[in-house]
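Novice: Starting from two chains that each stand alone, build the complex the way the hints lay out.
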Amino acid sequence: MYFLRRFLFLIPLTWVIVTLSFFLVRVAPGGPFDRERRPASPAVERALATKYHLDESLGSQYLRFLGLRWERQPDGSWQRAPGGLIAGDLGLSLKYRNHSVTDIIRQGLPVSLALGGAAFLFALGFGIPLGVYTAVRRGHTGDWLGSLVALLFICIPGFVIGPLLILVFALQTGWFPVGLWGTPRHVVLPMIALGLYFGGRVARLTREGMSQALLSEFVRTARAKGVSELGVLLRHAFPIAVMPVVSYSGPMLADLLTGSFVVENIFQIPGIGVFLVNSSLGRDYTMVVGLVLLYAVLLLVLNLLVDFTYSLLDPRVRHE
Amino acid sequence: MNEVDKAPAPVRPLSPGGKAWRRLWRHRPAVISAGFLAVVVLLALFVPWLGPHVSAQGSDLQFSSPDSAHWFGTDVHGRDVFTRVFAGARISLLVGAVGAGVSLVIGVCWGMVAGYVGGRLDGVMMRLVDILYSLPSIVVVIVLITTLEGYVKTWMGTSFPRLVPLARLLLLFAGLGAVSWLTMARIVRGQVLSLRSRPFVLASLALGASHRRILFRHILPNVAGIIIVYLTLTLPAIILYESFLSYLGLGIQPPEASLGTLIAEGASQINPLRVFWWLILGPGGVLALTLLALNFLGDGLRDALDPRGN
Numbered sequence: 000m001y002f003l004r005r006f007l008f009l010i011p012l013t014w015v016i017v018t019l020s021f022f023l024v025r026v027a028p029g030g031p032f033d034r035e036r037r038p039a040s041p042a043v044e045r046a047l048a049t050k051y052h053l054d055e056s057l058g059s060q061y062l063r064f065l066g067l068r069w070e071r072q073p074d075g076s077w078q079r080a081p082g083g084l085i086a087g088d089l090g091l092s093l094k095y096r097n098h099s100v101t102d103i104i105r106q107g108l109p110v111s112l113a114l115g116g117a118a119f120l121f122a123l124g125f126g127i128p129l130g131v132y133t134a135v136r137r138g139h140t141g142d143w144l145g146s147l148v149a150l151l152f153i154c155i156p157g158f159v160i161g162p163l164l165i166l167v168f169a170l171q172t173g174w175f176p177v178g179l180w181g182t183p184r185h186v187v188l189p190m191i192a193l194g195l196y197f198g199g200r201v202a203r204l205t206r207e208g209m210s211q212a213l214l215s216e217f218v219r220t221a222r223a224k225g226v227s228e229l230g231v232l233l234r235h236a237f238p239i240a241v242m243p244v245v246s247y248s249g250p251m252l253a254d255l256l257t258g259s260f261v262v263e264n265i266f267q268i269p270g271i272g273v274f275l276v277n278s279s280l281g282r283d284y285t286m287v288v289g290l291v292l293l294y295a296v297l298l299l300v301l302n303l304l305v306d307f308t309y310s311l312l313d314p315r316v317r318h319e
Numbered sequence: 000m001n002e003v004d005k006a007p008a009p010v011r012p013l014s015p016g017g018k019a020w021r022r023l024w025r026h027r028p029a030v031i032s033a034g035f036l037a038v039v040v041l042l043a044l045f046v047p048w049l050g051p052h053v054s055a056q057g058s059d060l061q062f063s064s065p066d067s068a069h070w071f072g073t074d075v076h077g078r079d080v081f082t083r084v085f086a087g088a089r090i091s092l093l094v095g096a097v098g099a100g101v102s103l104v105i106g107v108c109w110g111m112v113a114g115y116v117g118g119r120l121d122g123v124m125m126r127l128v129d130i131l132y133s134l135p136s137i138v139v140v141i142v143l144i145t146t147l148e149g150y151v152k153t154w155m156g157t158s159f160p161r162l163v164p165l166a167r168l169l170l171l172f173a174g175l176g177a178v179s180w181l182t183m184a185r186i187v188r189g190q191v192l193s194l195r196s197r198p199f200v201l202a203s204l205a206l207g208a209s210h211r212r213i214l215f216r217h218i219l220p221n222v223a224g225i226i227i228v229y230l231t232l233t234l235p236a237i238i239l240y241e242s243f244l245s246y247l248g249l250g251i252q253p254p255e256a257s258l259g260t261l262i263a264e265g266a267s268q269i270n271p272l273r274v275f276w277w278l279i280l281g282p283g284g285v286l287a288l289t290l291l292a293l294n295f296l297g298d299g300l301r302d303a304l305d306p307r308g309n
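From first to last, the protein sequence lines are chains W and Z. Counting in numbering that gives the first Met the number 0, the first sequence tops out at residue 319, every number present. Counting in numbering that gives the first Met the number 0, the second sequence tops out at residue 309, every number present.
Bound conformation, chain Z alone (with noise of 0.2 Å):
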């Protein structure tokens, strides 16, 4: 009774981040992609502990097909797939975020100097991303990750023994890095031209702020949002290219392993007399809803962010 009485509750106008917030909110796949993408995160934090069987010990069930006990059945050493997968997708994801986070700080860096400052800089620094972005990429990280090994290998052997294992992951970490910020610098610079010459930004000069105050209050802001959205696009790229590397044989070495490896690995397991397709399912599958779920976040990022939507 006392509730129909009420008044309506004074509706309060939303700020541009709430309703771009409400705006994916509505974005069912992106909401149920953030879901999943949330577990998948977890599973690779958590289950290389909690497995049944722990991802490097062995057991003589070799080639099991998925049951109640082996979800993603096991391996030619009786190793639990489930277990290495989530084991897997751990360096995986540590790749693409780092890698993502490499041509985050860069590509955003190099295009707002570009843009700001503008003029011959300007010309120089985009004429330096065009010459690089007409390089095959993929050969690019290819070479880099080969001849820069040996260096590495060297410096942490001396410096740092017990790392030596890990020097694949900092290469991979490097040669992805040093080729996925190129887009993101293009983007951010486009913006920041634009945003340059805007009548707030003039404002806040002839007021008298520094430079150093109008890139981060006033410009940064602005481009934030187109940079989260080229962020969730760029994550799964990295992890599809780390992949690709691994799959090469040139990404991490076992007994480490990434989904790359593991596909490898089932792929190599492929003979006319038995088929073990949940060595390759497993892993692929896993591999292929993650970089589902990230694109489809990133469209529902981009339709929430996109000031214009109502």
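Isolated chain W, as found in the complex (with noise of 0.2 Å):
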């Protein structure tokens, strides 16, 4: 009930946010066609306007963006205008003719997902062990040195680490490529650009967790019962310890595909990340609506998501 309510929410906080951001862009200064190679002659200009419906009022660009203008027809009837939010189109894109907002989507969202899943896989992989192993090693050199590392890797950012990365394993070294996507080969790098720093935030909250459990009366009470530590460690203590993981992935996985861009950037990867930047400096109205509203519902579902599993892992969580 709790998480029908919820995910009901969803729904108007969607709308809220997806008509703020129509709002918004078109209201600030500068259009679309500004930027032309060549000065656009006036009647072009209108051409352009007419074609996109950018002539008619706001009010009426924003029910047929949503889908719900109706209009009158040269036979005297009226009908809906085609498209719009609720038949899930997005419009056209106003810089990059010719194409859909939800083709560009559905083109370069793959991509992304792909690397932010292949990125999130590789941050748990190294960032759960070391944290359990720091937390082993509370107060050796290794907790010392392994905590040293997490640190680092949280404040280097993947900007630095994607180009040292392509100067020591693809230009000097020739071990993978420089960029572009494809092969399995392609995803290493940049995945490791991406990861590391999730890794790194990874780690520090299961050496939390971990340290936390260990200290408990139920791992004690294990320890007492004879249980061997590595069985205390992962029957006992792990569950408990990566609660705050847990967590934390939902903000991570969104994180992941909102800061693909630079990475994106720097590999030369065809995914998403690339046009949000582009079309909000571009003034390409739909593509910013359409991007924006893609990244709010992403993160508002993963969030609800892991509230989710959350309540599934850990049975002290009640919703009423």
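Some hints here could point you the wrong way.
[Unchecked claim] From the structure, some residues in chain Z lie toward chain W, with a derived Cβ separation under 8 Å: (1) Gln-190; (2) Ser-242; (3) Leu-286; (4) Leu-290.
[Unchecked claim] Computed beta-carbon distance windows for the label pairs: (5) Gly-117(Z) - Pro-41(W): 58 to 64 Å; (6) Ala-86(W) - Pro-160(Z): 44 to 50 Å; (7) Trp-70(Z) - Pro-11(W): 52 to 58 Å; (8) Trp-70(Z) - Ser-40(W): 35 to 41 Å.
Hints were generated in silico from the structure; no laboratory data involved. Where is the CB? At the ideal position from N, CA and C, for every residue including glycine.
Specialist: Printed below as a string of structure tokens:
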């Protein structure tokens, strides 16, 4: 019930976000056709404005965008204007002519999702073991070194790591391609550049959780029962210790997707990230609104999923 | 001889603040970090004037690798990278400080009001924070900066024409400040909520103290510690954000540079023929070490200001 209510709350929230971004980008000075290669003649400009319905009032543009605008047909009947948000159509891009926003997203999103997913697994795969190790060796040199490594990864941004990785592993040694996308070998360097930061965060969270779990009474009980140290770690302490990581994984996935702009830019990956910056700078209204909608929905749904997983994993969390 | 006979000096019990200082002093990484940060700030303030080659001036010495004359080498225009890096660090630190300041003012006021007044106002204020929290912050900042740019530039063009090149800086302040106060508001509100019903606050209320006095004399000092700790952790986050945006071309514009734009320049010089590693390692290293030091300092402060610590 709780989750159903939260899920239903997403709908008005998404509507508010879309509406705000729709008006924010359109009211701002500057238009999508200001930066054409040569100044367009007034006739061309008018034709463009008509094609993309920019000559209509803001209100009717908004209704058309939502898909709630009825138009008078030549035969006098009233008909809903085709497309619109309720039909899953975000309109035509104003910069990438003849491509619809939905098409562009459909082409780029799988690439970004694959990169983000790979980086997610990478971050968990090296962050959790590092965190467990530092917690177990707490107070020893191993803890000190491991924690320093984790903090270092948090502090070196992906746009520093990325070019350095290219320099060393692509240009000097030639082990991996410099950029582009396609084969699994293309994934490795961007995955590391994107995932290291989050791996560091995961390691710190795991260390914190694990240290607390190892001090708790149920671990002492398990040890008293004669469970082996490895069994204590994996069976008893670990499930509790990863809870902070679980709750962080929602925001982490969202950050991986939105944070991939830079990595996609460095490695020339044809994902969705490049579009947000370019279209906001180029006043590509439809693209901006479409992408804001996409990222907002992704983030909202991910957070909801994480909370849901959390309540499944931890029996102490109960929602009325 | 005299020294030995002397009775041991009476031990004066330390105030909580004194104890916190002592704990901080014992936290070696935090002390070293504080020293390092002081050096970076001083260099950022003075190197652009004292540098061997003035930052904006080019020379014929293109892409010279680091040596004793140019510690971080030179760039495509023969400019000294060391000088440029610390000129960039100045902008990065400035943006970080102003952004953290905005988050401090808005976040603390918002959290204190919500936590102290409570009830329906608290509900409304915190739901708003929840909603803003659920937005992808980097997307919000990018859209805010790009849409507001037109406004700010026209406004500045009419009122302060000479400041137009600084429009981006103003936008960065606004955009980063707008998204960075949310966590602060949540933390402060939680603390105030629990302090509000403590006996010393109730006693003060019963004695007829005004709300203003209670907020500023009783509640603010008690949340100050956590605010300081969180501030040292917000600062690196904002610096990172700024360099991220500058890397994407949404931040400071040439010829002004921040650490992010310098790294972007270095990355754009990557080619298979010659490797100009110092163009990335110089600014990237300073950025990473600054963030590292701020994080260590934040950790040290958190341990030191925790009243349960010994």
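Novice: Evaluate each hint against the coordinates.
Specialist: Status of the hints after comparison with the structure:
1. For Gln-190(Z), the interface hint is violated, since its Cβ never comes within 8 Å of a Cβ in chain W; the closest pair sits about 20 Å apart.
2. Against a cut-off of 8 Å between C-beta atoms, the interface hint on Ser-242(Z) holds, since the closest Cβ of chain W lies about 6 Å away.
3. For Leu-286(Z), the interface hint holds, the least distance from its beta-carbon to any beta-carbon of chain W being 7 Å, beneath 8 Å.
4. With 8 Å as the threshold, the beta carbon of Leu-290(Z) comes within range of chain W, its nearest partner Cβ sitting at about 4 Å, so the hint holds.
5. At about 59 Å, the beta-carbon gap between Gly-117(Z) and Pro-41(W) stays in the expected band of 58 to 64 Å.
6. Between Ala-86(W) and Pro-160(Z) the beta carbon distance is about 48 Å. The supplied range of 44 to 50 Å therefore holds.
7. For the pair Trp-70(Z) and Pro-11(W), the beta carbons lie near 57 Å from each other, so the given range of 52 to 58 Å is met.
8. Hint check: Trp-70(Z) to Ser-40(W), Cβ distance near 55 Å, so the stated range 35 to 41 Å is violated.
Of the numbered hints listed earlier, those contradicted by the structure are 1 and 8.
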